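A.B. asks: Construct the complete structure from the given sequences, taking the supplied hints into account.
2 protein chains.
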Amino acid sequence: MSNDRLIYLPLGGAGEIGMNAYVYGYGAPGKERLIVVDLGVAFPDMDSTPGVDLIFADTTWLQKNKDRIEAVLITHAHEDHVGAVGHLYEKLGAPKIYTRAFTANIARGKLSEYGFSDDVVTTVSAWPETIKAGPFTIGFLPISHSIPESSGLVIDTPEGRVIHTGDFKLDLNPLVGEAFDEALWADVSKDGVRALICDSTNVFSPKAGRSESELGKPIEELIGSLKGMVVATTFASNVARVKTLAEAGDRAGRSICLLGRAMKKMLDASLATGVVKDFPTVVSPEEARDIPRENLMLIVTGSQGERRAASAQLARGKYNGFTMKEGDTFLFSSKTIPGNEKGVIAIMNAFSEQGVDVVDDNGGLYHVSGHANRPDLLKMQEVVRPQMVIPMHGEHRHLREHARLAEANGRAAVIAVNGMMLDLSGNAPKVAEYIETGRTYLDGSVQIGAMDGIVRDRIRMALNGHVVVTLVLDEQDEPLGEPWCDLKGLPETGKSNAPVVDVLEADLGQFLGRANAKTLRDDDKLEEALRRIVRNSSQEEVGKKPEVTVVISRLSA
Amino acid sequence: MSNDRLIYLPLGGAGEIGMNAYVYGYGAPGKERLIVVDLGVAFPDMDSTPGVDLIFADTTWLQKNKDRIEAVLITHAHEDHVGAVGHLYEKLGAPKIYTRAFTANIARGKLSEYGFSDDVVTTVSAWPETIKAGPFTIGFLPISHSIPESSGLVIDTPEGRVIHTGDFKLDLNPLVGEAFDEALWADVSKDGVRALICDSTNVFSPKAGRSESELGKPIEELIGSLKGMVVATTFASNVARVKTLAEAGDRAGRSICLLGRAMKKMLDASLATGVVKDFPTVVSPEEARDIPRENLMLIVTGSQGERRAASAQLARGKYNGFTMKEGDTFLFSSKTIPGNEKGVIAIMNAFSEQGVDVVDDNGGLYHVSGHANRPDLLKMQEVVRPQMVIPMHGEHRHLREHARLAEANGRAAVIAVNGMMLDLSGNAPKVAEYIETGRTYLDGSVQIGAMDGIVRDRIRMALNGHVVVTLVLDEQDEPLGEPWCDLKGLPETGKSNAPVVDVLEADLGQFLGRANAKTLRDDDKLEEALRRIVRNSSQEEVGKKPEVTVVISRLSA
Chain A
1 MSNDRLIYLP LGGAGEIGMN AYVYGYGAPG KERLIVVDLG VAFPDMDSTP
51 GVDLIFADTT WLQKNKDRIE AVLITHAHED HVGAVGHLYE KLGAPKIYTR
101 AFTANIARGK LSEYGFSDDV VTTVSAWPET IKAGPFTIGF LPISHSIPES
151 SGLVIDTPEG RVIHTGDFKL DLNPLVGEAF DEALWADVSK DGVRALICDS
201 TNVFSPKAGR SESELGKPIE ELIGSLKGMV VATTFASNVA RVKTLAEAGD
251 RAGRSICLLG RAMKKMLDAS LATGVVKDFP TVVSPEEARD IPRENLMLIV
301 TGSQGERRAA SAQLARGKYN GFTMKEGDTF LFSSKTIPGN EKGVIAIMNA
351 FSEQGVDVVD DNGGLYHVSG HANRPDLLKM QEVVRPQMVI PMHGEHRHLR
401 EHARLAEANG RAAVIAVNGM MLDLSGNAPK VAEYIETGRT YLDGSVQIGA
451 MDGIVRDRIR MALNGHVVVT LVLDEQDEPL GEPWCDLKGL PETGKSNAPV
501 VDVLEADLGQ FLGRANAKTL RDDDKLEEAL RRIVRNSSQE EVGKKPEVTV
551 VISRLSA
Chain B
1 MSNDRLIYLP LGGAGEIGMN AYVYGYGAPG KERLIVVDLG VAFPDMDSTP
51 GVDLIFADTT WLQKNKDRIE AVLITHAHED HVGAVGHLYE KLGAPKIYTR
101 AFTANIARGK LSEYGFSDDV VTTVSAWPET IKAGPFTIGF LPISHSIPES
151 SGLVIDTPEG RVIHTGDFKL DLNPLVGEAF DEALWADVSK DGVRALICDS
201 TNVFSPKAGR SESELGKPIE ELIGSLKGMV VATTFASNVA RVKTLAEAGD
251 RAGRSICLLG RAMKKMLDAS LATGVVKDFP TVVSPEEARD IPRENLMLIV
301 TGSQGERRAA SAQLARGKYN GFTMKEGDTF LFSSKTIPGN EKGVIAIMNA
351 FSEQGVDVVD DNGGLYHVSG HANRPDLLKM QEVVRPQMVI PMHGEHRHLR
401 EHARLAEANG RAAVIAVNGM MLDLSGNAPK VAEYIETGRT YLDGSVQIGA
451 MDGIVRDRIR MALNGHVVVT LVLDEQDEPL GEPWCDLKGL PETGKSNAPV
501 VDVLEADLGQ FLGRANAKTL RDDDKLEEAL RRIVRNSSQE EVGKKPEVTV
551 VISRLSA
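Chains A and B are the protein sequences, given in the same order. Its first residue numbered 1, the first sequence is counted upward by one per residue in the numbering used here. Its first residue numbered 1, the second sequence is counted upward by one per residue in the numbering used here.
For the record, the hints were derived by calculation from the structure and aren't laboratory data. As the structure is a computational prediction, the values presented were derived from the model and not from experiment. Glycine included, every Cβ here is placed at the ideal spot set by N, Cα and C. Mixed in with the good hints there might be a few duds.
With a Cα cut of at most 30 Å, we get these calculated DSS-like pairs of lysine-lysine [said to hold, decoys possible]:
(1) B:K342 / A:K545
(2) B:K207 / A:K91
(3) A:K264 / A:K207
(4) B:K525 / B:K545
(5) A:K265 / A:K207
(6) A:K342 / B:K325
(7) B:K342 / A:K342
(8) A:K545 / A:K31
(9) A:K207 / B:K66
(10) B:K66 / B:K430
(11) A:K342 / B:K207
(12) A:K227 / B:K217
(13) B:K325 / B:K217
So the derived label-pair ranges between C-beta atoms look like this [stated by the list, open to error]:
(14) B:Q510 / A:Q63: 31 to 39 Å
(15) A:T281 / B:R456: 44 to 52 Å
(16) A:E113 / B:A517: 34 to 42 Å
(17) B:N173 / A:S225: 20 to 28 Å
(18) A:R316 / B:G363: 31 to 39 Å
(19) B:E326 / A:K525: 47 to 55 Å
(20) A:A506 / B:E492: 30 to 38 Å
(21) A:E113 / B:Q510: 31 to 39 Å
(22) A:K325 / B:N516: 30 to 38 Å
(23) B:R307 / A:K64: 32 to 40 Å
A few chain A residues facing chain B, derived, Cβ under 10 Å [said to hold, decoys possible]:
(24) N349
(25) G363
(26) L365
(27) L463
(28) G465
(29) H466
(30) Q476
(31) L480
(32) W484
(33) K495
(34) P499
(35) S538
(36) V551
C.D. replies: Structure representation (structure tokens):
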């Protein structure tokens with residue numbers, strides 16, 4: 001009897017919303033042939049990752065086992081699903097990459113930044129087309145989401161069929177991209193589905209999700225009622241929304257101008273791949289600048305308050321020659337992702353100061369989510385009728401709630417977080433192994449580890465300031481002159497009303513005057529002593545213990 | 001004819017939610033006698049104020065004019081209204097401080113931390129008692145809020161009556177503290193009110209606010225239904241809520257234990273001043289540890305995810321001997337203030353990992369706001385019927401919306417942001433002057449300016465890392481050995497796969513080998529050249545331009 005097994009291993013996305021990377025494998029334990037679903041990024045913040053550019057799942061395990069990778073499959077073109085494909089392609093042994101046309105267009109752009117040609121991505125048509133990848137046969141099953149051509153994956157394995165939903169909502173009229181086709185999903189599932197690996201993002205949203213198509217009328221009414229220039233923002237990748245906004249502006253007699261690099265890229269990809277066939281005429285920024293503002297509508301990037309995007313730059317005064325004025329209106333056709341509130345609110349206040357009217361999603365009137373809500377998740381379970389539900393794409397609380405929801409409806413469910421390898425071969429999933437995982441950072445041009453102390457040091461300097469002590473010792477290990485201090489990020493004067501630098505240097509000088517030869521000869525001891533003095537004296541003077549770097553220069557004898 | 005005037009000058013709170021500080025004055029221009037309403041703090045964050053402890057309004061103008069201050073009046077005991085009173089008392093020339101009993105209790109605690117005795121605060125009874133302060137007569141008019149004894153101020157001036165609402169909601173049954181008394185407010189306003197200076201926090205909330213008293217039943221039902229230990233959090237200062245939670249736990253047969261310093265302080269102040277007369281028996285943490293968890297309810301601090309508060313510590317594993325377990329429940333009887341989402345969500349996920357059920361405010365079932373919503377603001381205007389409305393206590397967008405709301409209802413309104421001095425003497429308010437204002441930071445034990453570069457340097461080190469270059473020059477201005485680099489917050493290796501420090505030192509060494517005597521003699525030139533090399537080489541190696549400190553030691557000839 002074979003001891004081959006079917007495994008599922010999330011490396012990213014199960015315990016956070018972001019940096020999705022899921023592995024399936026089949027074969028003898030430790031020798032499973034692997035497929036990877038999605039290679040996404042997460043975004044840094046000042047609290048935990050200052051200075052970092054992008055966050056990736058730690059794929060060390062995958063890299064060690066790159067010879068076992070049969071294929072990478074990308075469900076859709078959101079950054080948290082495709083953003084790492086360029087960075088990781090070579091590290092994973094240049095695997096075959098499969099995805100549908102629109103996603104392929106975006107993925108190829110990312111790969112070309114790393115010098116890889118278009119043909120490393122193979123374009124796949126929608127189900128019933130399938131591809132073979134080792135022991136797996138995989139098809140891309142269309143589903144609606146907030147980006148064109150999002151797909152669930154039908155993964156046929158020797159242990160039966162598994163369905164990986166990707167990100168989805170149950171939209172019967174998504175305007176761009178395919179609608180949710182219940183009959184198709186039911187048909188695919190009719191012979192039994194071993195496991196449904198399912199998006200958990202909106203498990204806490206109690207009401208059924210609403211269709212993208214509900215927004216056109218209210219947005220049209222809004223824009224029709226406005227007088228000055230209208231500027232609207234949404235995710236550029238939400239092509240249906242961009243189109244809805246553009247059509248509403250067009251019908252209100254306004255010229256449409258798209259601003260922000262991503263807007264153009266996404267629209268170009270949509271037109272090139274045919275997911276969008278008609279789009280209102282757009283004018284260039286140069287043309288737009290000559291159009292009276294009451295006849296103009298800008299659609300811009302930066303719905304999440306990103307500092308460098310068009311919205312934030314407009315809020316700070318100017319973008320691409322455009323400025324906002326009293327009487328203009330700025331529409332957020334979007335919802336603020338938790339953690340981005342301060343950036344978005346800062347933009348709203350800046351516009352308020354300029355006399356610009358800000359309109360937010362207005363309780364859902366001008367925005368709908370791209371993810372399945374609680375009743376939609378139940379509906380998906382009823383359509384697919386899987387043997388077990390494995391929640392993914394969620395923080396721990398989402399995964400847990402989703403598992404409970406499934407169990408409350410009589411289905412087996414298991415919470416699998418990043419690094420937890422499940423064996424799905426038996427009747428119930430069991431934990432097979434724990435894989436070391438975590439996050440790695442793209443920092444400038446270098447990949448660094450989350451745990452190697454670099455970012456920790458930055459955070460400490462930000463919280464405590466940094467003092468550099470320089471000491472020169474002569475050939476006899478005697479201090480040559482006084483020690484110097486340089487302070488960065490610390491107050492100039494403290495408790496004793498003298499410059500802090502003078503106080504520290506005096507304290508250090510006093511110590512050195514008394515220090516014995518043994519201490520002066522020993523770099524480590526000396527460094528430790530000087531550090532302690534700086535930290536204690538600073539605490540006394542300014543109420544803070546700074547980070548300290550001690551530089552000891554010895555003149556060679 | 002006298003040219004005396006009535007002025008209004010917000011120094012904090014008008015353009016942000018936090019650090020409230022409002023000035024009223026009457027007299028000849030530049031010689032007005034002044035009263036100050038509230039002296040609050042704002043709280044720092046990692047994005048803009050890393051390492052800062054507290055944020056105060058810049059009161060330089062007030063300090064310059066401290067001889068003109070007749071009194072400080074505190075409307076209520078929230079940190080953003082009373083938090084700076086200890087820190088600023090002496091700087092403002094030790095003015096008389098007036099407030100009601102509960103707030104006085106809290107204010108005295110803050111003043112005692114700075115060594116001031118209880119009698120610097122004078123306790124005032126509610127309206128109709130008034131106090132005289134120069135040209136002003138002031139009474140404390142009870143109003144409901146999320147803390148006991150919040151008060152509006154009735155400020156009688158030679159130019160008529162002004163009403164400063166303080167923070168408020170229109171609660172007819174707030175459980176603790178006085179209900180909103182419409183008849184009283186109408187009576188006070190019946191002879192005409194020149195200006196209503198009014199809380200703007202919830203101007204974007206479309207529905208009338210709900211009463212604190214609506215929460216008792218749902219909270220009681222919730223707690224009655226739970227099996228394991230119950231832990232609930234809310235603002236400690238929301239004494240009514242703490243009491244509601246405690247009573248619900250008590251009725252469910254649970255022993256109540258309060259955890260977190262602020263919980264005890266607020267309950268003690270409430271009992272000492274009589275605003276709370278009966279409170280369920282509480283047990284000490286020591287006693288609580290012996291009580292079976294299904295019979296226990298903890299009420300803890302940290303509803304906003306504050307890292308050091310009880311909630312966050314419980315989420316990390318342990319607080320005061322207590323740990324959470326599978327089957328326990330944690331209730332947020334609170335709403336997350338924008339900007340605090342990440343901290344709160346981190347706690348929710350940590351509890352989820354422990355198997356603890358987390359219950360949030362459930363769409364308002366377990367929490368109501370302490371501020372007046374849009375219809376309540378209109379109601380207040382109808383009751384007071386002021387000649388003009390001046391919105392306060394809000395970000396710019398709140399102030400603007402509030403002013404528009406008032407104007408739409410036929411009242412004069414003006415947006416006055418921090419530093420904008422209004423002359424309220426005429427029929428319409430006019431801007432009299434702009435006062436230099438802003439924020440100052442309490443950083444450790446030192447007060448620093450927001451603009452003096454200290455915090456900016458910290459942010460830069462956090463984003464870019466810090467390189468220290470040390471160079472020793474001999475008596476002939478020749479480099480003694482090689483220059484040294486110390487890196488903090490930067491990767492160890494970069495593009496050339498060699499240690500970054502080696503690459504930088506080699507580049508610096510090469511430069512010094514070629515540098516002419518003139519450069520080597522000139523500290524500024526040398527420093528600038530070394531800095532440029534480090535920044536460019538780092539950019540090349542790791543894709544980042546770090547902060548650079550150059551330390552040049554010259555051996556004296």
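A.B. asks: Against each hint, give a clear statement of whether it holds in the structure.
C.D. replies: Taking the hints in turn, this is what the structure says about them:
no.: 1; hint: B:K342 / A:K545; result: holds, 27 Å
no.: 2; hint: B:K207 / A:K91; result: violated, 55 Å
no.: 3; hint: A:K264 / A:K207; result: violated, 34 Å
no.: 4; hint: B:K525 / B:K545; result: holds, 19 Å
no.: 5; hint: A:K265 / A:K207; result: violated, 34 Å
no.: 6; hint: A:K342 / B:K325; result: violated, 34 Å
no.: 7; hint: B:K342 / A:K342; result: holds, 11 Å
no.: 8; hint: A:K545 / A:K31; result: violated, 52 Å
no.: 9; hint: A:K207 / B:K66; result: violated, 57 Å
no.: 10; hint: B:K66 / B:K430; result: holds, 24 Å
no.: 11; hint: A:K342 / B:K207; result: holds, 24 Å
no.: 12; hint: A:K227 / B:K217; result: violated, 48 Å
no.: 13; hint: B:K325 / B:K217; result: holds, 26 Å
no.: 14; hint: B:Q510 / A:Q63: 31 to 39 Å; result: holds, 36 Å
no.: 15; hint: A:T281 / B:R456: 44 to 52 Å; result: holds, 45 Å
no.: 16; hint: A:E113 / B:A517: 34 to 42 Å; result: violated, 46 Å
no.: 17; hint: B:N173 / A:S225: 20 to 28 Å; result: violated, 40 Å
no.: 18; hint: A:R316 / B:G363: 31 to 39 Å; result: holds, 36 Å
no.: 19; hint: B:E326 / A:K525: 47 to 55 Å; result: holds, 50 Å
no.: 20; hint: A:A506 / B:E492: 30 to 38 Å; result: holds, 35 Å
no.: 21; hint: A:E113 / B:Q510: 31 to 39 Å; result: holds, 32 Å
no.: 22; hint: A:K325 / B:N516: 30 to 38 Å; result: violated, 55 Å
no.: 23; hint: B:R307 / A:K64: 32 to 40 Å; result: holds, 36 Å
no.: 24; hint: N349; result: holds, 4 Å
no.: 25; hint: G363; result: holds, 9 Å
no.: 26; hint: L365; result: violated, 12 Å
no.: 27; hint: L463; result: holds, 4 Å
no.: 28; hint: G465; result: holds, 6 Å
no.: 29; hint: H466; result: holds, 6 Å
no.: 30; hint: Q476; result: violated, 14 Å
no.: 31; hint: L480; result: holds, 6 Å
no.: 32; hint: W484; result: holds, 6 Å
no.: 33; hint: K495; result: holds, 7 Å
no.: 34; hint: P499; result: violated, 12 Å
no.: 35; hint: S538; result: holds, 8 Å
no.: 36; hint: V551; result: holds, 5 Å
When the structure is compared with the earlier hints, violations turn up for hints 2, 3, 5, 6, 8, 9, 12, 16, 17, 22, 26, 30 and 34 and for no others.
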